[in-house]
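Take a look at the letters that make up each chain.
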Amino acid sequence: MERAVIGYRTPLLPPIDLAVRANSTLGVLGPNGAGKTALLKALLGLLPLLGGRRVLPLGRTPRVGYVPQRDRLDMSWPLSVLDVVLMGRAPLVGPMKRYGARDRDAARAAMQEIGIGDLADRPLYALSGGQHQKVLIARAIAAEPELLVLDEPTSAMDPAAERVLLDLVARLKSAHNLSVVLVTHQLTAIPGFADEVALIDRERGLFEVGPAEQMLDPEKLGRLYGRVVRFAKVGDKIAILIGDGAPR
Amino acid sequence: MSGFADFWAGRDLWREPMIAGVLAGAILGYIGVFVVLKRMVFVSAALSEIAGVGVAFAFWLGAVMGIDPHAHGTVPLILEPTWFSLIFACLAAALFSLRPGHRKLAPETIVGLGYIIASALVLAILNSPRIAQEAHAVGDILFGNAVTVPRQQIEALLAATVLAVVAHAVFFKELLFVSYDPETAVVQGVGVFRYELLLNLATAVVISVATRAVGALPVFAFSVIPAAAALMITDRIGVTIALAVIFGVVSAALGYYVSWVEQLPTGATMVVVASVFLLPGLAKIVRRSSV
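Going down the list, the protein sequences come from chains V and Z.
Per the numbering used here, the very first residue in the first sequence carries number 38; after that it's consecutive.
Per the numbering used here, the very first residue in the second sequence carries number 15; after that it's consecutive.
If you are wondering where the hints come from, they were derived from the structure by calculation, not from laboratory data.
Beta carbons: idealized from backbone N, C-alpha and C, even for Gly.
You may find that some hints are simply not true.
Short derived list, chain V residues pointing at chain Z, Cβ under 8 angstroms [stated by the list, open to error]:
hint, residue
1, Leu-116
2, Ala-127
3, Pro-128
Taking the hints into account, I'd like the entire structure generated from these sequences.
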């Protein structure tokens, strides 16, 4: 997006430049209500820009595998895991055609890759939260995406489950040569995962984007969250500490 | 004569209303699966009421133009109540497919507004001195009269059923996707508005034609109860659809039979019979709750 003005009726932020590079991971980080969803919709072309333009380097909209926020979906539908994963194939199959053997094979392969191959016939309501998240990722992979977009995928997870899921996404990214966009309000999801980071908060009129090592700066993050943020090195990892007070 | 022998002897009288009821039970049982899963049960009530406004409006227009709507052959095609009920229902379906994106106007609010305004309009038109003589005919349509059904209404219902079945058969995977997860469908390039509109139009056509054939009460009931009953006892979409269709058909046929034998109101008896299918699901819920 070049000089893009995003918003529903009025601009949320000053004009912004934002690019998703091939085979890279963009993390979009901001507190709740920061405008991340509007930014994501604008990036995907679902929200018309109030100004500026969207540039498509491929000359067309890339194939997108989308992982929505899990709690927005109704688990009471009488669908099996395979039914849901097959939905990812719908755009590839096209209208007026049924899913064929090739689609079923692709869906089963995606489930196998994500580690839920044995859940194909399980009804949705019988899944745990983590399993449901993996089903949504398998559906996104079954869509044979060029761009994988995950909206708050770790919001209801404990830190260990969060790391397992992010490792899985990183593995999928390498295996399928994907570009990845991860939208999250959780600071812990970004370090070690994203190549580039966009910080957004419409309340403070803040938007900054750059390489992860530059953006994951205690001062910038402190400004974003309105809290003192400190980094501590633990082995080869970085621990992020959030303080009580506001940053100076 | 026994109840069944008496019923069988009168088959020339009930054949057509029975066919209409069974057709309505089957197609509404199927459509009801989407209606219930999408949490839009009042859409069918509102569409039924709005279709009724179309019928009442046709009668009113005929009265204003000095044409007797019962005088078949002399009523211009354009004043045929079925057309009005179809047009009104389809316009409402198109309106319900729009996502207003207004914070204070949820889709349910728009459906509720449609229902309230349609109910008021029907009352206002029915009480207009211009159509006082027709009020009972419009009333039959609104409150259910599956006792006598003209042949052309069965043909209209059959045509609506075929249309809805074909639309669902051809676009089933898209309709399921946009109904279950419209957000992902739109991101993946599946036209959500297009398929929501198709789903709502198919629902509107069936409901408006079925309302005219068997009445508003059984139509509302058939679009909710069989699907709800099926959903409570299975977790497979294919089985849910099959059970909902069977429950709808049996409710209509058995309801008609019981109403004949016991001399009860037909539409209401069909609804009571349909409600019996809720019992296995309710028993399941009670069993789970008592653990």
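We went through each hint and held it up to the structure:
1. Leu-116: holds, 6 angstroms
2. Ala-127: Since chain Z brings a Cβ to about 5 angstroms from Ala-127(V), closer than 8 angstroms, the hint holds.
3. Pro-128: With a closest approach of 5 angstroms, the Pro-128(V) hint holds.
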